[in-house]
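Chains A and B, in that order, give the protein sequences.
Going letter by letter, the first sequence gives residues 1 to 443 in the working numbering.
Going letter by letter, the second sequence gives residues 1001 to 1485 in the working numbering.
Errors might be hidden in some of the hints.
Restricting the straight-line Cα-Cα distance to at most 27 Å, the calculated cross-link-like pairs of lysine-lysine (DSS-like) are [claimed, not checked]: (1) Lys325(A) to Lys1051(B); (2) Lys1157(B) to Lys1192(B); (3) Lys1051(B) to Lys1279(B); (4) Lys1157(B) to Lys1051(B); (5) Lys122(A) to Lys188(A); (6) Lys325(A) to Lys1192(B).
These are computed hints drawn from the structure, not numbers from a lab.
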Amino acid sequence: MSSFARALHAPRSRELGLLLIVAAIVAVGFTAVLGARTDRISTVSLWYAAAFLALLGIAHLALRIALPAADPVLLPTAAFLCSLGIIEIYRITPTLARDQAIWLAVGVGAFIGVLMLVPDAKVLERYRYLIGVGSLALLVVTIVSSYATGTVINGARLWIRVGGLQIQPAEFAKIGLVIFFAAYLREKREVLAQRRRRFIGVGLPQLRDLLPLLAVLVGGLALLAAMNDFGTSLLFFGVFLTLLYLATARALYAGVGLASFALGAALVYTLVPRVGVRVDTWLNPWNDVADSGYQSVQAIYTIADGGLFGTGLGRGYILNADGSKVVPEVQTDYISAALFSELGFVGAVVLVLCYLLLTYRGLRVASLAGDWFSKLLAAGITTTFALQAILILGGVVRALPLTGITLPFVSYGGSSLVSNWLALALLLSVSDRERRRVGETEA
Amino acid sequence: MNRALTRVYWVLAGLFLLVLGMTAYWQIWDASSLAARRDNQRQVVRELSIKRGLILASDGAIIARNYRAPSENGGSIYERRYPSNLYAAPIGYSSPSDGRAGLERSANDFLTGANSDLAGSLRRQFSSLAGGVIEGNTVETSLSPAVQRAAREGLQKTGLRGAVVAIEPRTGRVLALDSWPTYNPNAIVAGKLPRVGDALFNRATQGRYPPGSAFKPLTTVFALESGRYTPDSVFINHNRFDYYGQTITNASAAYQGPRTLTQSLTYSLNTTFAEIGAKLCARSVCPDFTRVMQAFGLFSTPPLDFPGDQLRASGILRHGTSALATPSTSFDPARTAFGQGDLVVTPLQMALLAAGIGNDGIVMQPTLIDRVRTQGGKTISVTKPKVWKRATTPEIARQVRQMMIGVVTAGSGQLAQIPGVAIAGKTGTAQTGRPGLYDSWFIAVAPAGDPQIAVAVVIEGTPQFGGQTAAPIAKSVMQAVVGGG
């Protein structure tokens, strides 16, 4: 084997090493939960752990075959986050861990599907309009079907029912729109960066270059507003501004974007009661501790209960005596509260460092990319992971108002898990090509 | 581009740092104050994993024990089980959803083992680290099942709201404490509310009632201490006493004519006591009278080993409020002298009054806990009798006791008679503001020459006098200790 070939395969060996560490953590975690709750749950459910590890092994093998040079840290990091999630879900409600394991299987299937079908993410650029329109159509279909069938969950029109399943199309539209933004900005970045006209002393590109961008953005946000899901809209907005800034290197766009966002937020706060209540709850949840503030206050108590080192897995005060959850919906948006309670501040640092690592490696993929589409796609996917984690973690610990979005890879929920694995596959596919290219030029 | 990427990275890293900063604030900086918040049930629930100590009656009978159940959050939890609802008033409950009340709350440190000596608390720490069960200490109470049962049966029979407190005068040990209607503490543990809305209200320690004539022994102490009256002082009894334009009369006109102080107590003549109050108190601010009340414990919360918010002080209320007056507040000494006006007392306080008179003027600190020992049998703490108030001289106490014997032998309290036992008692029939309905009292101490039990009984809103409803209950409660007929 030539040294070049070895270099190509080295990342996968590092990845396998890291995955083995994750496997060890999964084993320890499940054992801890089982040990703490022997009289409540049976060992049969340990098969979830085994199935989970088998799935990670399959994902690894698929990478070995399809993308041997891809970044070795991304998959183990995502796997680690997934394992934290599934252990905590198993601890909260063992049967949900089975569902989550099934969704993970679907996610890994989709992951492999992407590796096979789109080994080079660059081809997606060709289908940018199809993908952009398709994503918007997904959102429209969601809203229409929600109004038609009356599927409103927690006030949001985010779900469509397919058979017995509830699917959140916005989770998939999210990736589609990132692809579209990346392709569109690749095409227009030069004209957008131009300073053709001056407006109050600031150079601006021509209006006709700016309009489509604004149209897509406003249209997408309007659709999300119609879904009554401001968490996802906020996320889109943040990702879009980041990409615009990266594409044009003009801080002006970010500044104007943030300002208009602040204005919009103030408007939404006064106009939409649901958002108003959320902001008030954020500022002082104890004002209405029995009702609107209940979830937030219980989450804070749950987190505080963990202290520095946590109560230990399976030993936190997560469930009431009757088996109900102390923090409502703790398995989805609030899963970090349960994790921080049982793993303590030390666990919180580890979890946040994982996201930071994911962010760092993801942006590194972007920095290595030779073409603007790949660069923006990698940066867009990474920023999506990072901002989503920041928004929900910040909401749970009350650094930000709560927005009901999932914690990437960790929260219970099929659509979110599958779409995260799809996005990860795209990121790895960019990584593989760019690392080969850089490797070749260096060789 | 790559400089822009670096900037994006640092912005995101800064936001992640913000998240961690907030997390540290909750988990490290603010954790203890969050844990202490009332609406945070974790502290209470955590203590449920402790195998709580038993609570025993004075004869060793189990009042509260544990039932082990698996926990949703690992390990086991111990649920309280109460074999009977007989002790609901003094013992209360320890419930995961509703917290604690009664001795379960006030003795919580003993029952959870949090009070142990150094070796004990070290053992406790190690045991909890090793995942073992923390065991609390056994609390032996002074409650006597026979006395408690007599109190319960008496209250239950009336079908009316009421309370009984029985105390050992020489030691302050509480022999019985009951409040009716009662509740099932097991149901509270299971998260259910009691069927009767006010059943959780502990009338024995929290209920405030006008004492009516049952207060007259204290006024008698006041009269004798002044030196201006003796038991044989004669009062010209016109069956009416005019005071500030209002007329005070007696319940019955049968005893009109000159009567001694002793006879006045025997037949419960309001006019005599109104006159004493009016004569000894020149003005409506009367610190001398207040001082006698304070000497028996009024105006302060009885120091029973019980939750503070389940105890209330007795005394004169500021007119039209539920706040206690101060010694410098003006009140109506004439009506207070026979237990009306703005005077309110708890059954516990009235039992302490009877006990003080029975114990030669010394009011002992009332206690529920006799002894605390580990589940291994080692004694941790023994309650020694302590003096609470030196209320009056032994001579005056004996004189009043002697006078009170007449109430039971020849006066309004004859239904409390126990053949062969000298009983010093006093009836009370307090006006409640509801026409024809009274709060009926009986306080007593028996045997008068060798006091073994002091008792106070109150029945709310009855058309009958204290001598008719409360005295027979007091009788059977005393019989549980002194025996006889």
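Checked hints:
1. Lys325(A) to Lys1051(B): holds, 24 Å
2. Lys1157(B) to Lys1192(B): holds, 26 Å
3. Lys1051(B) to Lys1279(B): Given pair lysine 1051(B), lysine 1279(B) is violated - Cα atoms ~60 Å apart, limit 27 Å.
4. Lys1157(B) to Lys1051(B): Measuring from Cα to Cα gives roughly 37 Å; hence the hint is violated.
5. Lys122(A) to Lys188(A): holds, 17 Å
6. Lys325(A) to Lys1192(B): holds, 20 Å
This entry does not satisfy hints 3 and 4, going by the numbered hints stated previously.
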